[in-house]
Amino acid sequence: MLEQLVKEIRAGGTLETRVLATHLSTSPRLVQAMLEHLQRAGVIRSYVNCGEGCQGCGLSEACNTQRHSTVPLWQSEPLD
Amino acid sequence: MNDCHTTTVATRPFFIRQNMPLIALAGQPNVGKSTLFNLLTGLNQHVGNWPGKTVERRDGTCSVDGHQYGVVDLPGTYSLTANSPEEIIAREFVLREEPDVVVAVVNAANLERSLYLVAELIALPSPLVVALNMMDVATQEGIHVEPEVLQAALGVPVVPMTATRSTGARELICVVQETLDAHSAGAPHLPEIRADHRQVLAEIAQHIAGHVPQPYPAAWVALKLLEGDVEITRTMKTALSPDKWEAAHAVLRQHDDALLAIASGRYEWIGRMVRAAVVQPKIGQVSLTKQLDEWAAHPFWGLVILAGILGLVFWLTFTVGSPVQNWLATRIVGGLSNLAGQLLENTTFWLKGLIVNGVLGGAGAVITFVPIMVIFFAAFGLLEDLGYMARAAYVMDNLMHLMGLHGKSFLPLFLGFGCNVPAIMGTRVIDSKQSRLLTTLIAPLVPCTARMAVVAFLAPAFFGPRALIVSWGLVLFSLMILVLSGSVLNKVIFKGQRSAFIMEMPLYHLPNTRTIGVLVWQRSLSFLKKAGTNILAMSVVIWALSVLPGGDLNHSYLVQFGKFIEPVGRWMGFDWRLTVALITSFPAKENAIATLGVIFGNSPNAGLVQTLTSTFSTATGLSFLVTTMLFIPCMATVAVIRQETNSWGWTLLNIALFLVISITAGAGVYHLALAIGL
Numbered sequence: 303m304l305e306q307l308v309k310e311i312r313a314g315g316t317l318e319t320r321v322l323a324t325h326l327s328t329s330p331r332l333v334q335a336m337l338e339h340l341q342r343a344g345v346i347r348s349y350v351n352c353g354e355g356c357q358g359c360g361l362s363e364a365c366n367t368q369r370h371s372t373v374p375l376w377q378s379e380p381l382d
Numbered sequence: 030m031n032d033c034h035t036t037t038v039a040t041r042p043f044f045i046r047q048n049m050p051l052i053a054l055a056g057q058p059n060v061g062k063s064t065l066f067n068l069l070t071g072l073n074q075h076v077g078n079w080p081g082k083t084v085e086r087r088d089g090t091c092s093v094d095g096h097q098y099g100v101v102d103l104p105g106t107y108s109l110t111a112n113s114p115e116e117i118i119a120r121e122f123v124l125r126e127e128p129d130v131v132v133a134v135v136n137a138a139n140l141e142r143s144l145y146l147v148a149e150l151i152a153l154p155s156p157l158v159v160a161l162n163m164m165d166v167a168t169q170e171g172i173h174v175e176p177e178v179l180q181a182a183l184g185v186p187v188v189p190m191t192a193t194r195s196t197g198a199r200e201l202i203c204v205v206q207e208t209l210d211a212h213s214a215g216a217p218h219l220p221e222i223r224a225d226h227r228q229v230l231a232e233i234a235q236h237i238a239g240h241v242p243q244p245y246p247a248a249w250v251a252l253k254l255l256e257g258d259v260e261i262t263r264t265m266k267t268a269l270s271p272d273k274w275e276a277a278h279a280v281l282r283q284h285d286d287a288l289l290a291i292a293s294g295r296y297e298w299i300g301r302m303v304r305a306a307v308v309q310p311k312i313g314q315v316s317l318t319k320q321l322d323e324w325a326a327h328p329f330w331g332l333v334i335l336a337g338i339l340g341l342v343f344w345l346t347f348t349v350g351s352p353v354q355n356w357l358a359t360r361i362v363g364g365l366s367n368l369a370g371q372l373l374e375n376t377t378f379w380l381k382g383l384i385v386n387g388v389l390g391g392a393g394a395v396i397t398f399v400p401i402m403v404i405f406f407a408a409f410g411l412l413e414d415l416g417y418m419a420r421a422a423y424v425m426d427n428l429m430h431l432m433g434l435h436g437k438s439f440l441p442l443f444l445g446f447g448c449n450v451p452a453i454m455g456t457r458v459i460d461s462k463q464s465r466l467l468t469t470l471i472a473p474l475v476p477c478t479a480r481m482a483v484v485a486f487l488a489p490a491f492f493g494p495r496a497l498i499v500s501w502g503l504v505l506f507s508l509m510i511l512v513l514s515g516s517v518l519n520k521v522i523f524k525g526q527r528s529a530f531i532m533e534m535p536l537y538h539l540p541n542t543r544t545i546g547v548l549v550w551q552r553s554l555s556f557l558k559k560a561g562t563n564i565l566a567m568s569v570v571i572w573a574l575s576v577l578p579g580g581d582l583n584h585s586y587l588v589q590f591g592k593f594i595e596p597v598g599r600w601m602g603f604d605w606r607l608t609v610a611l612i613t614s615f616p617a618k619e620n621a622i623a624t625l626g627v628i629f630g631n632s633p634n635a636g637l638v639q640t641l642t643s644t645f646s647t648a649t650g651l652s653f654l655v656t657t658m659l660f661i662p663c664m665a666t667v668a669v670i671r672q673e674t675n676s677w678g679w680t681l682l683n684i685a686l687f688l689v690i691s692i693t694a695g696a697g698v699y700h701l702a703l704a705i706g707l
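Heads up: the sequence lines are chains A and B, in that order. Following the numbering used here, the numbering of the first sequence begins with 303 at its first residue and continues without gaps. Following the numbering used here, the numbering of the second sequence begins with 30 at its first residue and continues without gaps.
These aren't lab readings, by the way, just hints derived from the structure by calculation. There could be a bad hint or two in this list.
Some chain B residues judged to face chain A by a derived CB distance under 7 Å, without partners named [what the hints assert, rightly or not]:
hint, residue
1, Glu141
2, Arg142
3, Gly300
4, Met532
5, Tyr537
6, Leu701
7, Leu703
So the derived list for chain B, only partly shown, Cβ under 8 Å to chain A, looks like this [to be verified]:
hint, residue
8, Tyr145
9, Leu321
10, Asp322
No residue lacks a Cβ here, since even glycine has one placed at the ideal position from N, Cα and C.
Could you build the full structure based on these sequences and the hints that come with them?
Here it is in structure tokens:
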């Protein structure tokens with residue numbers, strides 16, 4: 303399952319956890335757990351917010367991890 | 030839990046081992062492990078450091094029904110791989126000290142995350158009991174966990190509890206005692222790895238057989254070698270003879286993908302456990318989100334819906350916002366201008382001009398934007414709170430991929446709808462310098478709120494009832510130019526680089542009116558602050574240039590400058606006034622309106638909108654709107670481009686690119702509009 307997720311990530315593009323869960327025949331929560339695992343393993347990294355770049359941005363709240371409209375983001379690390 | 034307290038002072042584990050059964054509490058961070066430890070041991074605990082480490086060590090004692098137990102709080106760990114000092118300490122303790130029972134504390138509200146450590150602990154020799162903690166949180170989130178079913182699926186005892194409410198701890202210790210009495214680790218159901226890797230695992234086990242140092246179990250060591258565990262690899266390299274090590278290492282080298290295969294097996298095991306024991310939350314909300322996303326996140330229909338929503342926002346703006354804006358312009362700002370003109374009749378010409386034409390004509394015109402901005406802010410706030418904005422960005426990115434654009438430009442695009450400044454900052458997420466520069470170049474093509482507000486203000490002036498369709502078309506046109514520019518640049522420089530961007534879209538939910546209200550208030554206040562400072566200053570400068578040196582507009586510096594650059598404006602059908610308005614939008618996009626306000630002045634009978642309607646043709650209006658949408662980014666954005674690229678060359682190239690795009694598009698649209706008789 304994790305191997306399949308890594309394959310999807312390495313294929314590139316923009317992926318969404320619910321769509322990934324459908325592809326892997328599992329739940330979005332398990333996909334999130336696996337993404338966190340891959341983050342700890344250094345395969346992907348997450349973005350909590352955009353730092354000072356958010357100042358003045360109308361959508362900055364979307365990156366605030368404390369709110370229900372949080373949009374967690376991860377990005378794959380470049381392959382060696 | 031008072032029953033759990035003894036009168037003895039806490040001692041080191043080796044001492045506890047001599048007198049009473051030892052319980053090790055293991056778990057991931059933030060699952061309530063320390064709360065449980067405190068509940069069990071009360072004041073009978075000792076805090077220090079693990080030998081040779083700066084990691085905190087806590088141990089203590091507790092007693093229940095006359096039985097005494099030593100309790101050790103292991104460091105919080107996600108797994109038993111040697112990724113961190115905490116993980117090494119936890120696994121070395123479990124393997125070397127051989128606690129009589131290991132209690133794995135898991136979060137009932139997120140078993141998917143918590144069970145990975147259980148998947149590792151369950152394979153070790155010490156008997157395992159699972160403390161299903163945070164049951165209250167699970168209930169609050171609508172997650173129903175069935176402990177009996179989980180127990181049957183895991184093959185080890187499971188005890189539901191809520192440590193923060195002191196419930197379940199006594200039952201946990203009772204189950205620990207039953208496990209101790211049984212003198213058995215039970216019949217746990219272990220995770221499996223893929224068949225081809227099982228063969229490899231057996232091969233490695235064969236190579237290391239008879240050489241595994243105590244107290245490590247041989248099967249566990251073979252698995253950790255296959256996982257590429259650094260510590261175990263080092264240990265076995267020392268323990269094996271060079272020939273044996275070379276043979277084992279040769280097998281490992283051929284299967285360096287085994288780490289994923291093993292972890293994958295564990296996640297499949299977790300999936301089975303969760304499917305068996307957990308009823309997922311808020312089925313209605315999840316299935317509603319799923320159903321809505323079949324359309325909203327669809328590669329084609331998602332774009333149609335996005336276009337429809339944008340159209341709806343503009344319709345609201347023109348139906349509700351524009352009449353209020355017109356009223357403010359004619360009755361309030363126009364009325365104030367009239368009143369100020371009368372009051373200042375006998376003062377100096379410059380004071381009257383400054384107040385009536387500079388302040389009220391310029392900044393006053395921009396303040397009439399407020400109803401339009403409020404509608405924009407409320408609409409985007411509503412969509413954001415509803416959970417739709419993430420879908421908008423997702424479907425846009427799908428389109429960009431179809432056009433060959435790089436996926437990493439997603440985040441800048443997402444931010445750009447609000448403001449181009451954070452959009453440029455957002456390009457920091459891109460690793461490759463070339464990709465970052467290219468995304469920086471095209472990100473300002475996403476129409477920001479300020480540009481959309483200018484369009485919302487001017488479109489009714491030039492197009493009357495057709496303003497809605499024109500505004501909608503302008504936004505789509507702008508995005509189309511972005512896609513085309515990006516496609517060309519991507520083919521030239523990205524050269525097929527691929528990486529992934531993974532996002533988690535929030536569930537749809539009913540918007541919170543207070544949240545939206547606060548958001549609209551804060552953003553409107555911020556807009557008014559901008560109108561009262563930067564835009565006001567620019568209005569005064571424009572007014573000063575319009576009256577200097579002799580007090581006559583026709584011979585002013587502004588007109589001289591406008592006439593000088595007018596030939597370029599003519600390509601797009603502009604006279605000197607529109608050309609100057611366009612150029613003054615560089616400091617802030619809203620200045621285009623302020624400048625037109627200063628140049629045309631205010632009248633109590635006709636606001637700026639009406640004046641523009643009677644002055645310019647439809648073709649000129651359309652060309653002006655297109656050019657404004659695509660014109661060079663505002664000064665703040667350009668400053669950020671300079672900061673992020675650290676190059677004047679790239680900054681000037683960006684300005685040049687937008688000048689070429691906007692002038693070409695404006696001129697093209699103008700001549701096309703004339704050709705079709707507009």
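Tested hints:
1. Using the Cβ-Cβ criterion of 7 Å, the hint placing Glu141 (chain B) at the interface with chain A is satisfied: the shortest such distance is roughly 4 Å.
2. Taken as an interface hint, Arg142 (chain B) checks out: its beta carbon lies about 4 Å from the nearest beta carbon of chain A, inside 7 Å.
3. At its closest, the beta carbon of Gly300 (chain B) sits 5 Å from a beta carbon of chain A; the interface hint therefore holds under the 7 Å criterion.
4. The interface hint given for Met532 (chain B) holds, since its Cβ lies 5 Å from the closest Cβ of chain A, which is under the 7 Å cut-off.
5. Against a cut-off of 7 Å between C-beta atoms, the interface hint on Tyr537 (chain B) is violated, since the closest Cβ of chain A lies about 10 Å away.
6. With its C-beta approaching chain A no nearer than about 33 Å, Leu701 (chain B) sits outside the 7 Å limit, and its interface hint is violated.
7. At its closest, the beta carbon of Leu703 (chain B) sits 36 Å from a beta carbon of chain A; the interface hint therefore is violated under the 7 Å criterion.
8. With 8 Å as the threshold, the beta carbon of Tyr145 (chain B) comes within range of chain A, its nearest partner Cβ sitting at about 7 Å, so the hint holds.
9. Checking Leu321 (chain B) against chain A: minimum C-beta separation of about 11 Å lies over 8 Å; hint violated.
10. About 7 Å separates the beta-carbon of Asp322 (chain B) from the nearest beta-carbon of chain A, less than 8 Å, and the hint is met.
Violated hints, listed in ascending order, are 5, 6, 7 and 9; each of the other numbered hints is respected by the structure.
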